[in-house]
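Student: Here's the letter readout for the chains.
Number of protein chains: 4
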Amino acid sequence: MASEYRLRRRVQFYETDAAGIVHFSWFFRYMEEAEHALWRESGLSIHVPGSEYGFPRVSTSFDYHRALRFEQEFDIHIRVTAITRKSIQYTCELTDGETRIARGTLTIVCVRHRANGPMVSAEIPDEIRSRLQVAPGAPA
Amino acid sequence: MASEYRLRRRVQFYETDAAGIVHFSWFFRYMEEAEHALWRESGLSIHVPGSEYGFPRVSTSFDYHRALRFEQEFDIHIRVTAITRKSIQYTCELTDGETRIARGTLTIVCVRHRANGPMVSAEIPDEIRSRLQVAPGAPA
Amino acid sequence: MASEYRLRRRVQFYETDAAGIVHFSWFFRYMEEAEHALWRESGLSIHVPGSEYGFPRVSTSFDYHRALRFEQEFDIHIRVTAITRKSIQYTCELTDGETRIARGTLTIVCVRHRANGPMVSAEIPDEIRSRLQVAPGAPA
Amino acid sequence: MASEYRLRRRVQFYETDAAGIVHFSWFFRYMEEAEHALWRESGLSIHVPGSEYGFPRVSTSFDYHRALRFEQEFDIHIRVTAITRKSIQYTCELTDGETRIARGTLTIVCVRHRANGPMVSAEIPDEIRSRLQVAPGAPA
Numbered sequence: 001m002a003s004e005y006r007l008r009r010r011v012q013f014y015e016t017d018a019a020g021i022v023h024f025s026w027f028f029r030y031m032e033e034a035e036h037a038l039w040r041e042s043g044l045s046i047h048v049p050g051s052e053y054g055f056p057r058v059s060t061s062f063d064y065h066r067a068l069r070f071e072q073e074f075d076i077h078i079r080v081t082a083i084t085r086k087s088i089q090y091t092c093e094l095t096d097g098e099t100r101i102a103r104g105t106l107t108i109v110c111v112r113h114r115a116n117g118p119m120v121s122a123e124i125p126d127e128i129r130s131r132l133q134v135a136p137g138a139p140a
Numbered sequence: 001m002a003s004e005y006r007l008r009r010r011v012q013f014y015e016t017d018a019a020g021i022v023h024f025s026w027f028f029r030y031m032e033e034a035e036h037a038l039w040r041e042s043g044l045s046i047h048v049p050g051s052e053y054g055f056p057r058v059s060t061s062f063d064y065h066r067a068l069r070f071e072q073e074f075d076i077h078i079r080v081t082a083i084t085r086k087s088i089q090y091t092c093e094l095t096d097g098e099t100r101i102a103r104g105t106l107t108i109v110c111v112r113h114r115a116n117g118p119m120v121s122a123e124i125p126d127e128i129r130s131r132l133q134v135a136p137g138a139p140a
Numbered sequence: 001m002a003s004e005y006r007l008r009r010r011v012q013f014y015e016t017d018a019a020g021i022v023h024f025s026w027f028f029r030y031m032e033e034a035e036h037a038l039w040r041e042s043g044l045s046i047h048v049p050g051s052e053y054g055f056p057r058v059s060t061s062f063d064y065h066r067a068l069r070f071e072q073e074f075d076i077h078i079r080v081t082a083i084t085r086k087s088i089q090y091t092c093e094l095t096d097g098e099t100r101i102a103r104g105t106l107t108i109v110c111v112r113h114r115a116n117g118p119m120v121s122a123e124i125p126d127e128i129r130s131r132l133q134v135a136p137g138a139p140a
Numbered sequence: 001m002a003s004e005y006r007l008r009r010r011v012q013f014y015e016t017d018a019a020g021i022v023h024f025s026w027f028f029r030y031m032e033e034a035e036h037a038l039w040r041e042s043g044l045s046i047h048v049p050g051s052e053y054g055f056p057r058v059s060t061s062f063d064y065h066r067a068l069r070f071e072q073e074f075d076i077h078i079r080v081t082a083i084t085r086k087s088i089q090y091t092c093e094l095t096d097g098e099t100r101i102a103r104g105t106l107t108i109v110c111v112r113h114r115a116n117g118p119m120v121s122a123e124i125p126d127e128i129r130s131r132l133q134v135a136p137g138a139p140a
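Protein chains in written order, with this note's numbering: chain A, 1 to 140; chain B, 1 to 140; chain C, 1 to 140; chain D, 1 to 140.
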């Protein structure tokens, strides 16, 4: 069972913008990279082609404390903060050594869908739920 | 003086992901497109090369109600909800006709910076502040 | 029947990089935007969910003559230069008034695929082929 | 002195599109990741903030042999194939084990620029040129 994941990452050039810093939309991709690595660590994949289950994002946020620049290395630390029957919540900290870069949140829900049909809310399958747990000390 | 902007937009193929819908990180870019169009409408540019002023994002969020799909058309409606001496807040609604797609928020601050030096918090210059105002009826 | 398409476009902030210009990878997306608009003009969609046909890219290139900058407006002009039983070729010119910005090429092929199975080369369906033609005066 | 670089990489979710495969524009970013890693390996950075030198791309291409899918691992192998007074050429192979995924080319040139002024063609500085060399056995 996994409850958190830490990933080290370097800023790529195509992630920067004309202000010379990483574009703010990239932080959501960084957070998602860590989320998917957490799932892999748990023996899971967030997207299994042909599966009837999916995990769309329903809410997300980021607060930015410092800018990230080209070739800068930083850490992404994602933690599971809540699991309900149909949703999972995470928080995510980006840091460079002792410096806090940004803090994000993400809520995903479980859905079932048939080919080209609408997505319908669903309970998280047991084989997934049994492999993820809330991180110790995570904010309520 | 401008306080809101409405933009019609079509989903591009490169904005979709393997789940067949627009990747959630794109909504932040949609919101920013509308923000920059609002500034242009006011005779301003959010990024003037060589200017000592910049407007980094310090906080942003999105709640997702419906998915967007390839070639779908939708509206982006951004509104200024608060202006302080050093910051501007917006809310943003994405809709397709009567259907609510998503709702976002964005807070930016004014900074001054010298070449390769750190960014320092600054007051929004008058020539910018005088051209933007809070939208009537915007949530407090 | 359509053979070419012209699209006017403005550079978005998230398309720029720390060198202050549009990142070179974006030109391929600009070209594809125009390609998909050409297909729509012909009453077609390049990606129909659930369809067994797809049109993956097999070869593409760009030569860059000038940089594009934030908020710059430019034209994308795509033309069909060849259609064979299984492939379509395009050239694409990016210009700003009389100034040539870049020139690209793109070759796509038709494939059939079943859910999660491999893609297999296929002939372009007649209802698609009958709606596209080589642009007059296009380079051989 | 460095002449080639090999990078192992996993496909991220945001790199896929609604066809279920990596969008073709991403291959150019993969190639650039390897290029910048090659420069770092040589003790260089392709983008030094405040430097008067820059290295814009003037020509690039990719031929695609196989699709890449979410979470697939692959290798990027970039090699310097030519260095002139003002330009550098690379080829790049993407592979997954024995399977060839794609093959790219890239030509960059050296320019000098002043703040907000135009870019002017320039000779590659000796301290850069002395650290890069053509890879043995590279195609002419």
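A few of these clues could be false.
[As the list claims (entries may be wrong)] For lysine to aspartate or glutamate, the following DMTMM-like pairs were computed, each having C-alpha atoms within a straight-line distance of at most 20 Å:
1. B:Lys-86 <-> A:Glu-41
2. A:Lys-86 <-> A:Glu-123
3. D:Lys-86 <-> D:Glu-127
4. A:Lys-86 <-> B:Asp-63
These are calculated hints, taken from the structure and not from any lab test.
Student: The structure should be examined with respect to each hint, and the outcome stated for every one.
Tutor: Outcome of the hint check:
1. B:Lys-86 <-> A:Glu-41: 43 Å, violated
2. A:Lys-86 <-> A:Glu-123: 5 Å, holds
3. D:Lys-86 <-> D:Glu-127: 14 Å, holds
4. A:Lys-86 <-> B:Asp-63: Given that 20 Å is the threshold and the Cα spacing comes to 17 Å, the pair holds.
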